[in-house]
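*Asks:* Sequence:
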Amino acid sequence: MTLVVILTVRCEALDAFRAYERKAAAVMARYGGAIERTVVTAPDGAGLTLKEIHLVTFPDEQAFSAYRGDAGLGEVAHLRDASVVHTEILRGEEGPHYHLAPV
Numbered sequence: 001m002t003l004v005v006i007l008t009v010r011c012e013a014l015d016a017f018r019a020y021e022r023k024a025a026a027v028m029a030r031y032g033g034a035i036e037r038t039v040v041t042a043p044d045g046a047g048l049t050l051k052e053i054h055l056v057t058f059p060d061e062q063a064f065s066a067y068r069g070d071a072g073l074g075e076v077a078h079l080r081d082a083s084v085v086h087t088e089i090l091r092g093e094e095g096p097h098y099h100l101a102p103v
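Each residue of the sequence shown is one higher than the one before, counting from 1 in full-length UniProt numbering.
Derived from the structure by calculation, the hints contain no laboratory data.
One or more of the hints may lead you astray.
Stated by the list, open to error - Simulated pairs of lysine to any residue, SDA-like, Cα-Cα distance not exceeding 25 Å:
no.	residue 1	residue 2
1	K51	L3
2	K23	G69
3	K23	H97
4	K51	H78
5	K23	E12
6	K23	R37
Keep in mind it's a predicted model, so treat the numbers as computed, not measured.
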């Protein structure tokens, strides 16, 4: 299972967000999940928020559900609440590997 997670983050709370994500990554690992890659955008025009995009994988939907219900995430939910303005989760599947395609 592959997820693209687009998080809108308050710039002033970036340290809290990163602390939350480190804990979330550790919890994910217990269920076979991983943040495979992150991309960070420049702050918006007012410098208030930025977007951080995560490519996340889990073995299956059950592992993802177990991760989301883990008590460890609840322990640091205040960090997420203080830093994340909006979250969009897109579910997908592995796509083609264009760098391997003959030209």
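*Asks:* Could you work out which of the previously given hints the structure breaks and list their numbers from low to high?
*Replies:* 3
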